[in-house]
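Number of protein chains: 2
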Amino acid sequence: MRKTRIFTPGPTPLLPEAQLAMARPIIHHRTQEFKELFLETRRNLQQIFRTENEMLVLTSSGTGAMEAAVCNLFSSEDQTLAVVAGKFGERWVELCQAFQVPCITLLKENGDAATADEIEEALRRHPEVRGVFIQACETSTATAHDLESIGQMIRREFPNVLLIVDGITAVGCQTVETDLWGLDVVISGSQKSFALPPGLAFMSLSQRAIDKMGANASPKYYFNLMKELKNQQKGQTAYTPNVSMVVALNEVCKEFLCYGVDRIISEAATMARCTRQGLLALDFQLLSSFPANAVTAALPPEGISAAELTKKLEERFGVKVAGGQGEMKGKIIRIAHLGYFDTLDVFSILSAIELCLIEMGRKTEPGAGVRAAMLEARTNA
Amino acid sequence: MRKTRIFTPGPTPLLPEAQLAMARPIIHHRTQEFKELFLETRRNLQQIFRTENEMLVLTSSGTGAMEAAVCNLFSSEDQTLAVVAGKFGERWVELCQAFQVPCITLLKENGDAATADEIEEALRRHPEVRGVFIQACETSTATAHDLESIGQMIRREFPNVLLIVDGITAVGCQTVETDLWGLDVVISGSQKSFALPPGLAFMSLSQRAIDKMGANASPKYYFNLMKELKNQQKGQTAYTPNVSMVVALNEVCKEFLCYGVDRIISEAATMARCTRQGLLALDFQLLSSFPANAVTAALPPEGISAAELTKKLEERFGVKVAGGQGEMKGKIIRIAHLGYFDTLDVFSILSAIELCLIEMGRKTEPGAGVRAAMLEARTNA
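Protein chains in written order, with this note's numbering: chain F, 2 to 382; chain A, 2 to 382.
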């Protein structure tokens, strides 16, 4: 039988409960039934985001929520700083350009993470900065920034600077302590750890962020967060939401909280470690010096083309991994661990890679990658 | 058994084929499989929209596509005219305000439609107008504007004026001849005639509209249509699309084209006529002098509260109809005919209304509403 398996960092395999929920007859959104379900979902999202902040659900991809953060919090009057460590960092800069928000950048090499010290230094050099944009996980390079130190440093040293976090691939597979670390905005998306199709974005908003939003003059309508907030506090949305996906999201949140968010994160960490050990044993080179739980990026062994390997994985085994983006295009493969995955999936993908490598002429002792991953899994058990 | 039936003008009951498609395992969007499916879907949408114009699919509600039309086609340099015949006409004005696009209005009473002559006169008085915004169907009052005369008049008399049509509830249940009538932009949404959940918006763009977009300076990112167009021509999207809904949309489009769009529209017209005759026989008063196929709006008989009737329909029969919006709130009920409905649904809803009226103390000969609807259906058969 031909099976297909996706190991891409969004969309990810769907939670079966979510699939079934998506197929249910639709309910109307202007009803008590929807209102109660939506309020419950917002509360459950708060728990997953580790926050008591307001939680908004938008009918858009994660990029829509990134746009909402830019155009609701800042205007041409505000200086901002974006940490750019890959394609998604660049998106902050593009968004600021689109909305004429001044934005300076802290650039990092592919695979490198920004430190709290570097950001502190940049903020001291530019005391006019009112907001910092960062990724919790830069998906294009599979790199996690140390959000804990960065958040705590900003709250301690720069109380008036807003910290806006793209946690699209991080929330639900990497610890993101929204309140403890003082993160003003944290964004995620349905097609990541939430194991749903794309189509919904989530964002938490601190009181500091809400206070700043009030006076904002940037053009916006569909992504007017003050209007959304007013509606969503009452269990409604400003415009027709994707009702079926909200219903499915509600199922996913309940599953998450029942299983335990910490446990899900710890399992993602284990899968990421096992994958790294497996790939290293197969002579891959890791791209990131601060590897994320969500996804692993690696350069294939000498003489193996990443593009050819990606293609072969799909043709031979129906396995879909991601390639590189931007300047990493054709150079790396990326394997996701976020969402509905377990360790056996790691062994599957490593086995598929091994067999492809052998067919591509590499001399590899069969089982070497899986063996290394198993040893790592046992260490973590 | 307790059944629920929704008769709201979006969301509407889902096509069973769409429900099952929504539940399928997800596919990745950066694949040949998605590309082919998406290009096929765009071609099928063209047929449904009766156009050879470019067709875009956005992951948002219909309001997102309305915003996209405003901020991609116009800027503070352009004068526009909005036909305001209810809540959705007002949305054009709000969008123009949000993006600082000058907008004059042609106001109509609730239930009234704008004529080609009135619009022509307004355009002669304001020769600086570069775009006209209108609804094909103003859902809040269940009123259809005569788009055929309006479109043909604008193309003949004002070749440089763009005509932007909110066809969100009209496409698929009311004739909308995009190319024949010279409509530059036509918008629709998944949760209307398409019988899908909310979450996708569709829009057609004429070459005239695309040419004007090139030079536009309004702030936009998620709704940057030039970027979308470049991607969608190749079967891709600028940002992660709602893959599951695109797959389901593809199923719906195929069903539509197989069944026949003209036949679907003619059936909606029949259902609307039957509903109107049924309601008139029950002493309701129609709100609209130019009633739409998508939805019927009516004021209840003397002494019956619309809000109470709506509530009773839900409690007694699990039937959900829509109420009024804006200044019509509490005054009318609205019954949808767009999407997955047939004539038997009309008899169901009329029966439910009759029984509720009798329980509310009205002296009504049982079956009077259904009888009138049946006679109308036979006339149309």
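Fair warning: there could be bad hints in the mix.
Every beta carbon over 12 Å from chain A, so not counted as near; a handful from chain F, in silico [unchecked claim]:
{"#": "1", "residue": "H29"}
{"#": "2", "residue": "Q153"}
{"#": "3", "residue": "E328"}
{"#": "4", "residue": "D343"}
Pairs of lysine-lysine residues, derived as DSS-like cross-links and limited to a Cα-Cα distance of at most 25 Å, are as follows [as the list claims (entries may be wrong)]:
{"#": "5", "chain 1": "A", "residue 1": "K330", "chain 2": "F", "residue 2": "K332"}
{"#": "6", "chain 1": "A", "residue 1": "K313", "chain 2": "A", "residue 2": "K36"}
{"#": "7", "chain 1": "F", "residue 1": "K36", "chain 2": "A", "residue 2": "K228"}
{"#": "8", "chain 1": "A", "residue 1": "K36", "chain 2": "F", "residue 2": "K235"}
{"#": "9", "chain 1": "A", "residue 1": "K321", "chain 2": "F", "residue 2": "K313"}
{"#": "10", "chain 1": "A", "residue 1": "K313", "chain 2": "F", "residue 2": "K321"}
{"#": "11", "chain 1": "A", "residue 1": "K255", "chain 2": "A", "residue 2": "K235"}
{"#": "12", "chain 1": "A", "residue 1": "K235", "chain 2": "A", "residue 2": "K4"}
{"#": "13", "chain 1": "F", "residue 1": "K88", "chain 2": "A", "residue 2": "K228"}
{"#": "14", "chain 1": "F", "residue 1": "K313", "chain 2": "F", "residue 2": "K330"}
{"#": "15", "chain 1": "F", "residue 1": "K312", "chain 2": "F", "residue 2": "K4"}
{"#": "16", "chain 1": "F", "residue 1": "K228", "chain 2": "A", "residue 2": "K313"}
{"#": "17", "chain 1": "F", "residue 1": "K36", "chain 2": "A", "residue 2": "K312"}
{"#": "18", "chain 1": "F", "residue 1": "K330", "chain 2": "A", "residue 2": "K235"}
{"#": "19", "chain 1": "F", "residue 1": "K332", "chain 2": "A", "residue 2": "K36"}
{"#": "20", "chain 1": "F", "residue 1": "K321", "chain 2": "F", "residue 2": "K255"}
{"#": "21", "chain 1": "F", "residue 1": "K213", "chain 2": "F", "residue 2": "K228"}
{"#": "22", "chain 1": "A", "residue 1": "K313", "chain 2": "F", "residue 2": "K235"}
{"#": "23", "chain 1": "A", "residue 1": "K313", "chain 2": "A", "residue 2": "K330"}
{"#": "24", "chain 1": "A", "residue 1": "K4", "chain 2": "F", "residue 2": "K312"}
{"#": "25", "chain 1": "A", "residue 1": "K255", "chain 2": "A", "residue 2": "K4"}
{"#": "26", "chain 1": "F", "residue 1": "K36", "chain 2": "F", "residue 2": "K255"}
{"#": "27", "chain 1": "F", "residue 1": "K4", "chain 2": "F", "residue 2": "K255"}
{"#": "28", "chain 1": "A", "residue 1": "K235", "chain 2": "F", "residue 2": "K235"}
{"#": "29", "chain 1": "F", "residue 1": "K312", "chain 2": "F", "residue 2": "K330"}
{"#": "30", "chain 1": "F", "residue 1": "K36", "chain 2": "F", "residue 2": "K235"}
{"#": "31", "chain 1": "A", "residue 1": "K332", "chain 2": "F", "residue 2": "K330"}
{"#": "32", "chain 1": "A", "residue 1": "K330", "chain 2": "F", "residue 2": "K228"}
{"#": "33", "chain 1": "A", "residue 1": "K321", "chain 2": "F", "residue 2": "K235"}
{"#": "34", "chain 1": "F", "residue 1": "K332", "chain 2": "F", "residue 2": "K313"}
Worth flagging that the hints you see were computed from the coordinates, not collected in a lab.
Note that beta-carbon positions come from the ideal geometry of N, C-alpha and C, so glycine has one too.
Checked hints:
The claim that F:H29 is not at the interface with chain A is violated, since a C-beta of that chain comes within 12 Å of its own (minimum 5 Å). No Cβ of chain A approaches the Cβ of F:Q153 within 12 Å, the least distance being about 31 Å, so the stated non-interface status holds. Consistency note on F:E328: stated as away from chain A, and its beta-carbon is indeed over 12 Å from all of that chain's, at 17 Å minimum. For F:D343, the non-interface assignment is confirmed: its Cβ lies about 16 Å from the closest Cβ of chain A, beyond the 12 Å cut-off.
Only pairs whose Cα atoms come within 25 Å are accepted, and A:K330 paired with F:K332 is rejected, the gap being roughly 59 Å. For the suggested pair A:K313 and A:K36, the alpha carbons sit about 48 Å apart, so the restraint of at most 25 Å is broken. The suggested pairing of F:K36 with A:K228 is violated, with an alpha-carbon distance near 36 Å, which exceeds 25 Å. This hinted pair does not check out: A:K36 and F:K235 have alpha carbons roughly 40 Å apart, beyond 25 Å.
With a C-alpha separation of about 52 Å, the suggested pair A:K321 and F:K313 falls outside the 25 Å cut-off, and the hint is violated. With a C-alpha separation of about 52 Å, the suggested pairing of A:K313 with F:K321 is violated against the 25 Å cut-off. About 21 Å separates the Cα atoms of A:K255 and A:K235, which keeps this hinted pair within 25 Å; it holds. For the hint pairing A:K235 with A:K4, the CA-to-CA distance comes to about 44 Å; that exceeds 25 Å, so the pair is violated.
Among the hinted pairs, F:K88 with A:K228 is consistent with the structure: their alpha-carbon atoms are about 17 Å apart, no more than 25 Å. Between the alpha carbons of F:K313 and F:K330 the distance comes to roughly 17 Å, so the proposed pair stays at or under 25 Å and holds. About 16 Å separates the Cα atoms of F:K312 and F:K4, which keeps this hinted pair within 25 Å; it holds. In summary, the hint linking F:K228 to A:K313 is not supported, as the alpha carbons are separated by about 31 Å, beyond the 25 Å threshold.
At most 25 Å may separate the alpha-carbon atoms for a hinted pair to count; F:K36 and A:K312 meet this at roughly 16 Å. Among the hinted pairs, F:K330 with A:K235 is consistent with the structure: their alpha-carbon atoms are about 19 Å apart, no more than 25 Å. For the proposed pair F:K332 and A:K36, the alpha carbon gap of about 23 Å is at most 25 Å, so the pair holds. With a CA separation close to 29 Å, the supplied pair F:K321 and F:K255 exceeds the 25 Å bound.
Of the pairs offered as hints, the one joining F:K213 and F:K228 holds, with about 14 Å between alpha carbons and a cut-off of 25 Å not exceeded. For the given pair, A:K313 sits about 23 Å from F:K235 by alpha-carbon distance, which is consistent with the 25 Å threshold. The straight-line distance between the Cα atoms of A:K313 and A:K330 is roughly 17 Å, inside the 25 Å bound, and the hint therefore holds. Of the supplied pair hints, the one linking A:K4 and F:K312 is violated, its CA atoms being roughly 49 Å apart against a limit of 25 Å.
Distance check on the hinted pair: A:K255 and A:K4 sit about 29 Å apart at the alpha-carbon level, beyond 25 Å; violated. About 17 Å separates the Cα atoms of F:K36 and F:K255, which keeps this hinted pair within 25 Å; it holds. Between F:K4 and F:K255, the direct Cα distance comes to roughly 29 Å. Violation of the 25 Å bound is thereby established for this hinted pair. Only pairs whose Cα atoms come within 25 Å are accepted, and A:K235 paired with F:K235 is rejected, the gap being roughly 41 Å.
Under the criterion of a C-alpha separation no larger than 25 Å, the hint pairing F:K312 with F:K330 is consistent with the structure, at around 14 Å. Of the supplied pair hints, the one linking F:K36 and F:K235 holds, its CA atoms being roughly 7 Å apart against a limit of 25 Å. Restraint check for A:K332 and F:K330: not satisfied, since their Cα atoms lie roughly 59 Å apart, outside the 25 Å limit. Between A:K330 and F:K228 the CA atoms are separated by roughly 20 Å; this keeps the pair inside 25 Å, and the hint holds.
For the suggested pair A:K321 and F:K235, the alpha carbons sit about 20 Å apart, so the restraint of at most 25 Å is met. With a C-alpha separation of about 15 Å, the suggested pair F:K332 and F:K313 falls inside the 25 Å cut-off, and the hint holds.
Of the numbered hints listed earlier, those contradicted by the structure are 1, 5, 6, 7, 8, 9, 10, 12, 16, 20, 24, 25, 27, 28 and 31.
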